[in-house]
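Participant: Protein sequence lines, in the order shown, are assigned to chains A and B. Numbered per this note's numbering, the first sequence finishes at 643, counting up by one with no gaps. Numbered per this note's numbering, the second sequence finishes at 822, counting up by one with no gaps.
Don't take each hint at face value.
Between beta-carbon pairs, the in silico distance windows are [to be verified]: (1) A:CYS412 - B:GLU543: 46 to 56 Å; (2) A:THR598 - B:SER805: 52 to 62 Å; (3) B:ALA636 - A:VAL183: 49 to 59 Å; (4) B:GLU628 - A:VAL455: 52 to 62 Å.
No lab work stands behind these hints, which were simulated from the structure alone. Glycine residues also receive a C-beta, built at the ideal position from the N, C-alpha and C atoms.
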Amino acid sequence: MVALTERMRAVSGESLRLVFTLVRREVRDSLRDWRIVVPVVILTLFFPVLMSFVADIALRWVAKYGAPIVGDRLLPFLLMVVGFFPISFSLVIALETFAGEKERNSLEPLLATPLTDAQLYLGKTLAAMIPPLLAAYLGIIVYLVGLYFTKGWTPPPILVVLIPSLTTAEGLVMVSGAVVVSSQTTSVRASNLLASFIIIPMALLVQGEAIIMFWANYNVLWWIVPFLVVVDIILVRMGIHTFNREGLLGREIDELNVASLWRAFRGHLCWEWWFFGLDVQKMPARLRWLGTLGGLYGRDIPAILRRSWLALVVVTVGLVSSAFIGHAYAARYPLPPEILGLEHISAETFTELPAVGWLPNFTTWGVLGNNVRALLLAALLAVFSFGTLAVALLMAPLAIVFFFVTQVAHVGYSSALFLAAFVLPHGLLELPAAGIATALAVRLGATFTSPPQGMTVSDGWLWALADFVKVFVALVLPLLALAAAIEVHLTPFIVMWAFGG
Amino acid sequence: MIELIGLTKQFDGFTAVDQVTLSVEPGEILALLGPNGAGKTTTVRMLAAILRPTAGQAFVAGYSVTEHPREVRQRIGLLTEHPGLYLRMRGEEYLDFFGRLMGLDADECERRARELLARFGMPEAWNQRMGTYSKGMRQKMALVRAMLHDPSVLLLDEPTSAMDPHSAKLVRDSVLSLRHHQRAIMICTHNLAEAEALADRIAIIRRGRIIVLGTPAELKVRLLGPPLMELRLTRPADGVVKLVSGLVGIKAQGEDWLRYSTPNPQGTNPLLLQTLASHGVGVVTLSEVPRSLEDVYLRVVVEE
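Chain A on its own, in the form it takes in the complex (with noise of 0.2 Å):
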């Protein structure tokens, strides 16, 4: 045990020698080249310098009109800009590292080192973060030490940990992506076209964030923090996920081939013939569907949901947590009991629920499109958000429902009979429905951070958009449409049954 631990020691110890080479070399070659080191020192000596000065300025202007609260809340502003700026080029840094070094056809002798895939990306992600990050604090502390002799002017304690907390993770966030991006495609101009995908977030992260500064509301930037940090783990593993020699040096031309695409879609979405063991070429023309049911519905379906358990198991936590998010608001925001006057309901109250803007035709069609619609927003939403938003969409509705059940708890009705009624005998179909295709969507979303052991991003892709359209057409629709006609046809009569006057 003493030995395998001093092994340990002795790999993780070697492993780190070796990340650590690799980012002195790429910080020595960083900081020698100009088009990065004078931006870097103009962002982190002069424009923090202008910032106190132009602080400075605003303040006096705006004492001049009785409107100090602006300069107050300028000041904090001003030292996450001074942080943001430099670490903004950690991004040029991070865009450039597979893909310049294929350019310049560096990185095959690098390739053939003993670096391991995962060492390799941990160095190069740490070389482009490292000169950005330290000039960004830099840049604070000149901006701070120029306020401080003008103004007399101190930070509140809060901002001098958030602000370099802040910088940090979105500076993590910006060159993972980077790296991701660099490692994926051919040529610098490539990276630096993809790099909107991680420019456009951030741009409206930051707005963001400077309105919450004006706002004051430091404790509310303390939740993006975290949020960026979890944004960043998903990142880092997709990075080490994707990255592979292979791809790096494989890849010549970044060319979108459809017809290839579609081929490896159409292959994945095929299923093999079967029905209980019976040759089904050997059965008459006319019966051979029974195989094709029979593959699908005894074979590909079950095979599809037992690759996708993780994912369900995903979605069933999120559904449980939303009926105690539902339970917990009820307790927290009770209803006056008048509202929810159950014994009032009657057919009209159903047949006027359209009156309410956000709710459909209560029709099957109607029940039916929007369910459909809802399930397909929540894969599209996914597949931008790893999978996350598809989660939160399937987890609102039912936070919703527990929050009434807790509700008509409160003002005497039994809510085992409001479940029972209201929700079940719909449910008990569209729910589980629901839950599937939630499922499938989010591993439309996470097979870019993690794909399919063998298979490349895109496969992965594809592999999953197959097994989503194929569970969906033939599971999830019926299941849903089903759930329409209950919840149309038969769901009214039973609250009405149990709860009408």
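The hints should help you fit chain B onto chain A, whose structure is shown.
Facilitator: Relative to the frame of chain A, chain B by itself:
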């Protein structure tokens, strides 16, 4: 030392390397020849554990390239097609960086680096920024990088392509000295004269498949037929043809010369000379008509 067993690599349905089986023993130099796109670089990249084979297996210095890629990379020296130097670094920094990645300590790395730079006739490169190097210096620096950790296996892609004749000779001498130190060396090249001068065996690869493999002499016999001898005489050849036609097959003749081929020159030539001498025919020269590796290559690659 290097062993390839049915090594295959496919990219999106395209087979770049197809069922390649060969081996390179310690102290042996194998030249891998072939037209552009034949699969040479892909083969080398698989041996360097950069690309993963689609099928088959390869062992380098006793380690499987798929099971132990890190150990493989520790034991190879790879000279890539392009030198791929970091041009803002000085030679010293560059070699120190790669030496450390290969597990050398600073002193050992400096000693090896200086020794190799001196051997390749560019000790001044130690302190110079690599951006200022000539094309040949860059190529030599890349070779120094590949040899720095004294690897047991060397994979060299076009080792002398950018060099002047003197530098190329230094590199060839260095490669030959490595053979004496029992290193297994695989060279990919288009320079057929160099391959012939260096290689113990030649493998010609085309469309991913090894189409011929053997020593240069074996390949010449196999592909160009038995050695062709040229006999120059002191008198017209017409009268002599009758004398020797029973011993050898005459391929061509001129006024005072004739050419014949024989699968066994060691046995045939002395007999032929004896016959001529006994008939009082004077011989000016008897020599083998040179046949280059280029002839072999063109026969294999073009005619196929």
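Participant: Next, verify each hint and record whether it holds.
Facilitator: Evaluation of the provided hints:
no. : hint                            : verdict
1   : A:CYS412 - B:GLU543: 46 to 56 Å : holds (48 Å)
2   : A:THR598 - B:SER805: 52 to 62 Å : holds (60 Å)
3   : B:ALA636 - A:VAL183: 49 to 59 Å : violated (40 Å)
4   : B:GLU628 - A:VAL455: 52 to 62 Å : holds (56 Å)
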